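Participant: Chain residues, written in single-letter form:
Protein chains: 6
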Amino acid sequence: MPADVRSRIEAVQERTGFVPNVFLALAHRPDEFRAFVAYHDAVMERDSALSKAEREMIVVATSAANDCLYCVVAHGAILRVRAKDPLIADVLATNYRNADLTARGRAMLDFAVKLAIEPQRIDDDDLAELRAHGFDDEDIWDIAAVTALFALSNRLAHVLALRPNEEFHLMGRIPRDAEA
Amino acid sequence: MPADVRSRIEAVQERTGFVPNVFLALAHRPDEFRAFVAYHDAVMERDSALSKAEREMIVVATSAANDCLYCVVAHGAILRVRAKDPLIADVLATNYRNADLTARGRAMLDFAVKLAIEPQRIDDDDLAELRAHGFDDEDIWDIAAVTALFALSNRLAHVLALRPNEEFHLMGRIPRDAEA
Amino acid sequence: MPADVRSRIEAVQERTGFVPNVFLALAHRPDEFRAFVAYHDAVMERDSALSKAEREMIVVATSAANDCLYCVVAHGAILRVRAKDPLIADVLATNYRNADLTARGRAMLDFAVKLAIEPQRIDDDDLAELRAHGFDDEDIWDIAAVTALFALSNRLAHVLALRPNEEFHLMGRIPRDAEA
Amino acid sequence: MPADVRSRIEAVQERTGFVPNVFLALAHRPDEFRAFVAYHDAVMERDSALSKAEREMIVVATSAANDCLYCVVAHGAILRVRAKDPLIADVLATNYRNADLTARGRAMLDFAVKLAIEPQRIDDDDLAELRAHGFDDEDIWDIAAVTALFALSNRLAHVLALRPNEEFHLMGRIPRDAEA
Amino acid sequence: MPADVRSRIEAVQERTGFVPNVFLALAHRPDEFRAFVAYHDAVMERDSALSKAEREMIVVATSAANDCLYCVVAHGAILRVRAKDPLIADVLATNYRNADLTARGRAMLDFAVKLAIEPQRIDDDDLAELRAHGFDDEDIWDIAAVTALFALSNRLAHVLALRPNEEFHLMGRIPRDAEA
Amino acid sequence: MPADVRSRIEAVQERTGFVPNVFLALAHRPDEFRAFVAYHDAVMERDSALSKAEREMIVVATSAANDCLYCVVAHGAILRVRAKDPLIADVLATNYRNADLTARGRAMLDFAVKLAIEPQRIDDDDLAELRAHGFDDEDIWDIAAVTALFALSNRLAHVLALRPNEEFHLMGRIPRDAEA
Chain A
1 MPADVRSRIE
11 AVQERTGFVP
21 NVFLALAHRP
31 DEFRAFVAYH
41 DAVMERDSAL
51 SKAEREMIVV
61 ATSAANDCLY
71 CVVAHGAILR
81 VRAKDPLIAD
91 VLATNYRNAD
101 LTARGRAMLD
111 FAVKLAIEPQ
121 RIDDDDLAEL
131 RAHGFDDEDI
141 WDIAAVTALF
151 ALSNRLAHVL
161 ALRPNEEFHL
171 MGRIPRDAEA
Chain B
1 MPADVRSRIE
11 AVQERTGFVP
21 NVFLALAHRP
31 DEFRAFVAYH
41 DAVMERDSAL
51 SKAEREMIVV
61 ATSAANDCLY
71 CVVAHGAILR
81 VRAKDPLIAD
91 VLATNYRNAD
101 LTARGRAMLD
111 FAVKLAIEPQ
121 RIDDDDLAEL
131 RAHGFDDEDI
141 WDIAAVTALF
151 ALSNRLAHVL
161 ALRPNEEFHL
171 MGRIPRDAEA
Chain C
1 MPADVRSRIE
11 AVQERTGFVP
21 NVFLALAHRP
31 DEFRAFVAYH
41 DAVMERDSAL
51 SKAEREMIVV
61 ATSAANDCLY
71 CVVAHGAILR
81 VRAKDPLIAD
91 VLATNYRNAD
101 LTARGRAMLD
111 FAVKLAIEPQ
121 RIDDDDLAEL
131 RAHGFDDEDI
141 WDIAAVTALF
151 ALSNRLAHVL
161 ALRPNEEFHL
171 MGRIPRDAEA
Chain D
1 MPADVRSRIE
11 AVQERTGFVP
21 NVFLALAHRP
31 DEFRAFVAYH
41 DAVMERDSAL
51 SKAEREMIVV
61 ATSAANDCLY
71 CVVAHGAILR
81 VRAKDPLIAD
91 VLATNYRNAD
101 LTARGRAMLD
111 FAVKLAIEPQ
121 RIDDDDLAEL
131 RAHGFDDEDI
141 WDIAAVTALF
151 ALSNRLAHVL
161 ALRPNEEFHL
171 MGRIPRDAEA
Chain E
1 MPADVRSRIE
11 AVQERTGFVP
21 NVFLALAHRP
31 DEFRAFVAYH
41 DAVMERDSAL
51 SKAEREMIVV
61 ATSAANDCLY
71 CVVAHGAILR
81 VRAKDPLIAD
91 VLATNYRNAD
101 LTARGRAMLD
111 FAVKLAIEPQ
121 RIDDDDLAEL
131 RAHGFDDEDI
141 WDIAAVTALF
151 ALSNRLAHVL
161 ALRPNEEFHL
171 MGRIPRDAEA
Chain F
1 MPADVRSRIE
11 AVQERTGFVP
21 NVFLALAHRP
31 DEFRAFVAYH
41 DAVMERDSAL
51 SKAEREMIVV
61 ATSAANDCLY
71 CVVAHGAILR
81 VRAKDPLIAD
91 VLATNYRNAD
101 LTARGRAMLD
111 FAVKLAIEPQ
121 RIDDDDLAEL
131 RAHGFDDEDI
141 WDIAAVTALF
151 ALSNRLAHVL
161 ALRPNEEFHL
171 MGRIPRDAEA
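Chains as they are written, first to last, in my numbering: chain A, 1 to 180; chain B, 1 to 180; chain C, 1 to 180; chain D, 1 to 180; chain E, 1 to 180; chain F, 1 to 180.
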């Protein structure tokens, strides 16, 4: 394993306490690993009008539309942590239409899920709907970029039949003060 | 535009004679541009048991399954050039089941198209089918990686309503000796 | 609320520690409440060759196919308890094809999910497939009855936008010895 | 066959002149038979703002959406009798959009058929649409309960490949005065 | 109305006792009327290895797959007469998988319904399946031609919201000796 | 081959420079050949408020929705010639939602594609939408007739796995003045 790949994995392990399985799965192709990680950071870590929790909501809702086990469970955990909400991931993983969302949040997920599963039906009316809810062109690009990246990621996970680490299933479910 | 982005675009222009619209569309987000190009090169340019023409076949067939105008027309052109076949792209763009394929080629596209549009239905039987046609784990990864990358790419193109450059429509359609 | 309805609800509360929301939702129609509970007990509590955990697997997999929040979360909890497995419900809730199942278990869920979402395509071949995996006519009826009952239940929950009790989200996730 | 089951079947035979096949099919599971019949009567026989003919319209339209032979033919017959209309069942069995319906009747069937085949897409907008056509919460529950009960019933009939009695095919087709 | 169109309609009326609504609907475009009738006769009246009843079975099953009211009811009537079977049309109109068919008959309808609703998925395997059931190239063409003609016919009837004549609903339902 | 069939084919060859494969494919059934040609001419050559280019747009968009290789490539060529536009066919063949259309043109293709692939969902609202864009009853019939005829034609082409003549792939792609 090249040093930069190993070092990136070790950094994750240090921060998270374990190595998410997706890193090991991609490490055998160092160039693809680097590109994936670079893409992920560019989209998920950038300074955006969409909060990190909102971006994780998109990941969970679109990965659920694709029935992707790894992404739903791993990013469901991250969403619980980011949103400080132990229940939200289960709702989005089952049916985002049941979530307590603002009209803006619902429009964001309607668009993302449509782009995930019926990309050919996206047209100007869909963009106009987002703009009517206050999203500007940069925001729309962010929604699209997150959705598109996980369209890629879901498919790799499906081919690998990638299992989420056990740690993800419980992460963020127990309120901090209950743990203490 | 950052110098490395500009320089990459100029290199393409020099080689191809024009700047494919996708480069300009992505350039406003340099980090995503770099990651996309790195991913593209890692997957499409790598030394693989799948020929470059085969990888373009996957791009055209899966992009057609997503009705993606930019990718079908631009990569259809590249496929005509790579396969030295003026007709193949129109067939794959309409219905890959009508293409003159070996059983191996048909299995490759059956898998890729299923992964593109019904990723949740992929299971061990699909991988076994690929192996029965002589694909090993690295080959399967290549098929999956091409399909996954264009699952991403198709969705960005749909949101941008990206138009292919006019040059692509005719590229590779006229046999070289007819042109000379 | 009629006495028999109230007494049934109190019995559940005593056993479980809380009143699952579905009971309150149905209680305003006592005759339908009684029929639902009678049907539920006849199918889910009967002495059957299918274990109670297997029947809950059918409930979770088919309710997930219908994206039914209440049934996926509530019966996911019951499944974790019945199967003594903290992870199984998240897998079945996302994609039963990723679960570690015997060939028999996979055939059972393939049939149940097909019956849930494409009942019109069920024919003799599907029954023959179940029999080839050792299910007899009574077992097939049990699979069908569980699936059919939750086809009903999912639809009522969808119209009510029924929310699962918070208790369900965590139930069965923490191993007993960790809790003690 | 337990006495209460037999007696219920005999009562139907006396009223109808024959024993509908569904009764014999369910009789081998007396507890499920009793629960099914109780549920059926609670939903189909209750005093409701929806007429019995309207409830049968829901049964026929949603069972047709599920291609359920027994329910379409048997309840088509009952609908002809209840609506005193020899043609209506054939229309609803083929395409409810072709039926001569009031706007209210069309909204009722649009909702019922959506709940039958795409329950996960039901949301507040669908309920608001029903209310705009004058349905109150009890009426909505009735529409949902009929649809849900036959979601169950259709699936049992499909697994049994249940055939309608020959009598149903002609029942209600010939006007009484023509018969006399 | 041109004389040849009128004379054709009068011939049908004389034979059938009424003018099927489709004739009047098409008569305002005499050239299309003539082409439709010529195509119909060429396909449905030709001397073929497929009996006329088998051809009507294809019409009813594929028109049912398209939920076409006029074609299902009108050709259901013709099928009852041709097959001398008062029940067969209701079965095929609801779900051809429930019909009592030979393996050959089932293969014929599986192919026809697939061609009707998923023509793009037809490939050599489908033709091989038909040949394995004894259909030769002329027979396959007949199945395809009937299906294709009613793909056209169904769409015209849908746009016209064409209603079947009342006479069709009862035709062929009452055995001749019962009538006498 | 009957003289009238041969003579029709020779006329096409004289005008076009080659014999489109569909003519040879249908010639073995002279009666069906004659009816098809008569229907085609009645619909495609009639004096209509829809231009011939508009009718070819309908053919290409609906044949693309059916993934029909022959019709997309052959009629794409005719469309390029009729519309004097070398790019339009590739756009409509991939995704008509990306074409530069007037609102009227978009409404025409929305209706035609819906009629092609979901005919059972057509209702009065669809016709009202067309009328709101200025189409009268004769125009609506023309749109429907073109769509219906190619619903037939696509299915015959699929069963034959009919290949377009090579000439079609390039026809109309090179502007006349560039050719001269």
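Source of the hints: derived by calculation from the structure; they are not laboratory data.
These numbers come from a predicted model, not from an experiment.
The C-beta atom is built at its ideal place from N, Cα and C for all residues, glycine as well.
There may be inaccurate statements among the hints.
As the list claims (entries may be wrong) - Under the rule of at most 25 angstroms between Cα atoms (straight-line distance), these lysine-lysine pairs were calculated in the BS3-like manner:
(1) E:Lys52 to E:Lys114
(2) C:Lys114 to A:Lys114
(3) B:Lys114 to F:Lys84
(4) A:Lys114 to A:Lys52
(5) D:Lys52 to D:Lys114
(6) A:Lys84 to A:Lys52
(7) F:Lys114 to F:Lys52
(8) F:Lys114 to A:Lys114
(9) A:Lys114 to B:Lys114
(10) B:Lys114 to B:Lys52
(11) F:Lys114 to D:Lys114
(12) F:Lys52 to F:Lys84
(13) B:Lys114 to C:Lys84
(14) E:Lys114 to D:Lys114
(15) D:Lys52 to D:Lys84
(16) C:Lys52 to C:Lys114
(17) C:Lys114 to D:Lys114
(18) A:Lys114 to D:Lys114
(19) E:Lys84 to E:Lys52
(20) C:Lys52 to C:Lys84
(21) B:Lys84 to B:Lys52
(22) C:Lys114 to E:Lys114
(23) B:Lys114 to E:Lys114
(24) E:Lys114 to F:Lys114
What the hints assert, rightly or not - Residues from chain B that keep clear of chain F, each with C-beta distances beyond 10 angstroms, as calculated:
(25) Ala11
(26) His40
(27) Asp41
(28) Asp67
(29) Lys114
(30) Glu118
(31) His133
(32) Ala161
(33) Pro164
(34) Arg173
Participant: Take the hints in turn and mark each one as holding or not.
Facilitator: Each hint tested on the structure:
no. : hint                 : in the structure
1   : E:Lys52 to E:Lys114  : holds, 21 angstroms
2   : C:Lys114 to A:Lys114 : holds, 24 angstroms
3   : B:Lys114 to F:Lys84  : violated, 37 angstroms
4   : A:Lys114 to A:Lys52  : holds, 21 angstroms
5   : D:Lys52 to D:Lys114  : holds, 21 angstroms
6   : A:Lys84 to A:Lys52   : holds, 12 angstroms
7   : F:Lys114 to F:Lys52  : holds, 21 angstroms
8   : F:Lys114 to A:Lys114 : holds, 19 angstroms
9   : A:Lys114 to B:Lys114 : holds, 18 angstroms
10  : B:Lys114 to B:Lys52  : holds, 21 angstroms
11  : F:Lys114 to D:Lys114 : holds, 19 angstroms
12  : F:Lys52 to F:Lys84   : holds, 12 angstroms
13  : B:Lys114 to C:Lys84  : violated, 35 angstroms
14  : E:Lys114 to D:Lys114 : holds, 24 angstroms
15  : D:Lys52 to D:Lys84   : holds, 12 angstroms
16  : C:Lys52 to C:Lys114  : holds, 21 angstroms
17  : C:Lys114 to D:Lys114 : holds, 18 angstroms
18  : A:Lys114 to D:Lys114 : holds, 19 angstroms
19  : E:Lys84 to E:Lys52   : holds, 12 angstroms
20  : C:Lys52 to C:Lys84   : holds, 12 angstroms
21  : B:Lys84 to B:Lys52   : holds, 12 angstroms
22  : C:Lys114 to E:Lys114 : holds, 19 angstroms
23  : B:Lys114 to E:Lys114 : holds, 18 angstroms
24  : E:Lys114 to F:Lys114 : holds, 18 angstroms
25  : Ala11                : holds, 27 angstroms
26  : His40                : holds, 21 angstroms
27  : Asp41                : holds, 26 angstroms
28  : Asp67                : violated, 4 angstroms
29  : Lys114               : holds, 15 angstroms
30  : Glu118               : holds, 16 angstroms
31  : His133               : holds, 22 angstroms
32  : Ala161               : violated, 6 angstroms
33  : Pro164               : violated, 8 angstroms
34  : Arg173               : violated, 6 angstroms
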